[in-house]
Amino acid sequence: MIDIQILESPLNVQVCIDFVSGAATGGINVFVGSVRNQTRGKRVLYLEFEAYVPMAISEMRKIAETACSRFQIDRISIHHRTGRLEIGEIPVVIAVGAPHRQAAFEACQYAIDTLKQTVPIWKKEHFEDGEVWVAAHP
Amino acid sequence: MIDIQILESPLNVQVCIDFVSGAATGGINVFVGSVRNQTRGKRVLYLEFEAYVPMAISEMRKIAETACSRFQIDRISIHHRTGRLEIGEIPVVIAVGAPHRQAAFEACQYAIDTLKQTVPIWKKEHFEDGEVWVAAHP
Amino acid sequence: MKLTILAFGITRDILGASELNLELPESARIEDLKAELARRFPAFANLSALAIAVNSQYAELDLELKELDEVALIPPVSGG
Amino acid sequence: MKLTILAFGITRDILGASELNLELPESARIEDLKAELARRFPAFANLSALAIAVNSQYAELDLELKELDEVALIPPVSGG
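Protein chains in written order, with the working numbering: chain A, 475 to 612; chain B, 475 to 612; chain C, 356 to 435; chain D, 356 to 435.
The set of hints was computed from the structure by calculation and includes no laboratory data.
Hints are not guaranteed to be accurate.
Calculated cross-link-like contacts (lysine-lysine; reagent style BS3-like; alpha-carbon spacing at most 27 Å) [what the hints assert, rightly or not]:
1. LYS536/B - LYS421/D
2. LYS389/C - LYS590/A
3. LYS598/A - LYS421/C
4. LYS536/A - LYS421/C
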């Protein structure tokens, strides 16, 4: 069971956990991103996330399907937020439910690592003295 | 920052996540245990967890302190429930907050693996035709 | 053929718009599109990478474009 | 010396009680306690393991017991 969402409103971790919980679930691993107050030693005011929504959903679904086929997992929920996020807010939640915990850990780690490499979502960091699209330049 | 609790009432995942969230937190990893409806192919009706509470808290605190010193993490919350748990209920929640996600994943995995080896808590599985203390016999 | 190109992140800043209408020869490939973009927008040379998506899938350089394709510029992603 | 032993999980079932009062010689060690338990409760031989905690810490076999120690039987744990 796969649940993929891109939302403009605050993410709800419990919704993701509920989705991946079932009677055969023995362990759930959850990754929750959090907007940090600094990056490379520089103070961050807030972030903005932009997504190419149909492709982002398609790539997130690929990750979920690969996770389900590669690891012994039943259920995965991936939610990503867009728009302006303040310090401490949550850009991403990935929850994975599995009969045994090791598969849940591995699938969750695979999902967040791959999401950061393939899903067309972009983060702009806003500083006191300017702004930058993360990773755009070498 | 370390938060250790043994509770007789249902665990609240969000409470653990809130504890490990801070302005310097970049990633949070959470493990949520879940009571399965079967074990080794046999239908489970419900579980009972019993703890030697003062020692269990002491061992959980050791795990948290070791996790903080061994991995680059800031905050860890470990909650374990006792008493009777129905299928789908949550015996344990471990949440770890860190500046970078990899440390959060590793510390969370370390914490649950070690908890299952050292913390004096015992699980009794109740079946239709009897009950068994898990791992008591070879 | 006429193509409408969607732009995101820094590529939208470079184009100064979220869409670009482009005229390309029939059976142009992704590599031709990238060359045309590089010619018209020298700032693309400063990016660490630039992928092109066609109909929501990452496209190889030799893929032939068709007029009804949804084409998008995908600068280095940074979600999560 | 008189010791009160706390029992949990299957050891509580074997003892039929959550506490056991035991008389041991002065300066008895953990290994002496385990031998006395094995003598009185043969079912302990069937356990996959049995640790002893003294004052909420896992104890080595050669630790000397003292009368005011809080001693607990720790059968194989299965939390989480």
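Restraint check for LYS536/B with LYS421/D, where alpha carbons must lie at most 27 Å apart: The given pair, whose Cα atoms are some 25 Å apart, holds under the 27 Å limit.
Tell me if the straight-line CA distance from LYS598/A to LYS421/C falls inside 27 Å. violated (32 Å)
Does LYS389/C pair with LYS590/A here, judged by a C-alpha cut-off of 27 Å? holds (24 Å)
Is the hinted pair LYS536/A and LYS421/C satisfied, with a Cα-Cα distance of at most 27 Å? holds (25 Å)
In this structure, the one hint that does not hold is number 3.
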